[in-house]
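Given the structure of chain A, go ahead and fit chain B onto it with the hints provided.
First to last, the sequence lines map onto chains A and B.
The opening residue of the first sequence carries number 1 in the working numbering; numbering runs sequentially from there.
The opening residue of the second sequence carries number 1001 in the working numbering; numbering runs sequentially from there.
The set of hints was computed from the structure by calculation and includes no laboratory data.
Please note that the accuracy of each hint is not assured.
[Said to hold, decoys possible] Quick list of the computed label-pair ranges, beta carbon to beta carbon:
hint, chain 1, residue 1, chain 2, residue 2, range
1, A, Tyr-9, B, Tyr-1020, 41 to 49 Å
2, A, Thr-12, B, Val-1024, 21 to 29 Å
3, A, Glu-47, B, Phe-1021, 54 to 62 Å
4, B, Ser-1101, A, Gln-186, 35 to 43 Å
5, B, Arg-1087, A, Pro-76, 33 to 41 Å
6, B, Ser-1061, A, Ala-43, 34 to 42 Å
7, B, Lys-1107, A, Lys-80, 39 to 47 Å
[To be verified] Taking beta-carbon pairs under 8 Å as the criterion, some of the chain B residues facing chain A (in silico):
hint, residue
8, Phe-1021
9, Val-1056
10, Ala-1068
[Stated by the list, open to error] A few chain A positions that, by computed beta-carbon distances, are all more than 10 Å from chain B:
hint, residue
11, Leu-11
12, Gly-13
13, Asp-35
14, Pro-38
15, Ser-59
16, Asn-60
17, Ile-78
18, Pro-95
19, Ala-179
20, Val-188
21, Asp-191
22, Val-219
23, Leu-231
24, Leu-251
25, Ser-275
Glycine included, every Cβ here is placed at the ideal spot set by N, Cα and C.
Here are the chains, one letter per residue:
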Amino acid sequence: MKDDRGPWYLLTGLILGLVFGLLYSWIISPVRYVDTEPASLRADFREQYRALIAAAFLSNGDLQRAKARLALLADPDIAKTIAIQAQLAQDRAGPDSEKNGLGLLAAALNPGSSPPKPALLPSSTPTAEPTSTLTPTPVVALNGEASPTPTSGTPKATRTPAPTSTPLPSRTPTPTQGAPFILLEQSVVCDPSIKQPLIQVEALDSAIQPVPGVEVIIVTDQGEDHFFTGLKQEIGLGYADYTMQPGLRYLLRLADGGDPIPELAAQECEAEDGSRYWGSLKLVFIQP
Amino acid sequence: MRRWGLFFIVMAIGAAAGMYFGWVENPVKYVDTAPDSLRMDYKTDYVLMVAEAYRVENNLSLAARRLALLGTDTPEVTVSQALEFARQIDYNDNDILLIQSLAEGLKTWNPSLEVPPP
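Chain A on its own, in the form it takes in the complex:
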């Protein structure tokens, strides 16, 4: 008996096979990503991952290591992402170490900005230990992907030890030894809650850690004033401020050297209702 049904049965077989193959590969035995990378993490886990990177950065002060870890997340604009997360963290419940770490990391990644006011850390927080001497360097795994494994590498310069933050009432501020500070940022702060215009000084060391005990000198036509960072620990260990008189011009310099900052004066700001008030100046200094 001759079978003249043609070759359509072959197409049927092919389609059935395709359906079976897709069923098997997508549903019965899909590709299992057991060795995933941080870049594939869900958004909330990525946020926690960044916060942990920041907390670790607060501990080791190793910006290169923090950058290498952040790169694993493959965020398109990591500096902006960290800055936003740092701002959001200030208003959320969470460990102070993460808030402070995010603030410092944001400042380090956005050199033109100042970090959010850090919350106070437990007394044991800033450590005077040197940073770990190695930076995570990607190594090529068997599958050709990069991994974040910290490996033995060239030792880095030891970080300037940060002073302890133990809040002792009788503590005499002691400056961190190191290179003279340079002006990192100068900006006008328009904050109606600040009743009198201030010169706000923030001193950071090379590891973006706040530095207490830095002597600040203000010179006016009427004389000279000296004050130190770290005396308002509720605001920040590296913070100090000075009340300006509108209309007066000030010259500010740090006692350990560096260029003086002349012609500082209270700036006018405009409130939402159109009224005007005196704004403050914020100067962020950093040790290179």
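Chain B alone, transformed into the frame defined by chain A:
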């Protein structure tokens, strides 16, 4: 018989094509993974970050909560696995000491004594 033979051969070709498409060309994409699926070297670096943070926070409960994201093992087991891997791939001594310090702390940690966060 020959007809059935061809039928099954073509079906096998189709299945192979389907699996190639499903596994290679267009595999299932896991874009929202959890930290427990991370590769071991990433997990180890994660544990190192927890250890670095623990150094300044001195908060075992917080460290344990972070470690819990890495899987269902106890924090102590997670850290000991990371410590072993860190030694295998030659983490530097400082980092190994940090992980060791966390592991030592977790040995004495009793979650039942923790005060739940408000």
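Inset, instruction - May I ask you to check that Ser-275 (chain A) keeps its beta-carbon over 10 Å from the closest beta-carbon of chain B? - result: Consistent with the label, Ser-275 (chain A) stays out of reach of chain B, its closest Cβ about 40 Å off (over 10 Å).
Inset, instruction - Test the statement that Val-219 (chain A) is away from the interface with chain B: the closest C-beta pair must be farther apart than 10 Å. - result: 38 Å, holds
Legend entry - Cβ distance range 34 to 42 Å for Ser-1061 (chain B) and Ala-43 (chain A), holds or violated: 25 Å, violated
Legend entry - Claimed clearance of chain B by Leu-251 (chain A), with the beta carbon kept past 10 Å: 37 Å, holds
Inset, instruction - Taking the shortest Cβ-to-Cβ distance between Asn-60 (chain A) and chain B, state whether it exceeds 10 Å. - result: 5 Å, violated
Inset, instruction - Hey, is Pro-38 (chain A) genuinely clear of chain B, shortest beta carbon separation above 10 Å? - result: 6 Å, violated
Legend entry - Exclusion check [Asp-191 (chain A) not at the chain B interface, CB over 10 Å]: The claim holds: Asp-191 (chain A) sits with its nearest Cβ about 30 Å from chain B, beyond 10 Å.
Legend entry - Outcome for the supplied range 39 to 47 Å, where the beta carbon pair is Lys-1107 (chain B) and Lys-80 (chain A): At 41 Å between Cβs, range holds.
Legend entry - Claimed clearance of chain B by Leu-11 (chain A), with the beta carbon kept past 10 Å: 8 Å, violated
Legend entry - Tyr-9 (chain A) paired with Tyr-1020 (chain B), Cβ distance criterion 41 to 49 Å: 23 Å, violated
Inset, instruction - Confirm or reject the statement that Ile-78 (chain A) sits farther than 10 Å, beta carbon to beta carbon, from all of chain B. - result: Check passes; 16 Å lies beyond 10 Å.
Inset, instruction - With 33 to 41 Å as the target window, see if Arg-1087 (chain B) and Pro-76 (chain A) comply at their CB atoms. - result: 36 Å, holds
Of the hints listed earlier, those the structure fails to meet are numbers 1, 3, 6, 10, 11, 12, 13, 14, 15, 16, 18, in rising order.
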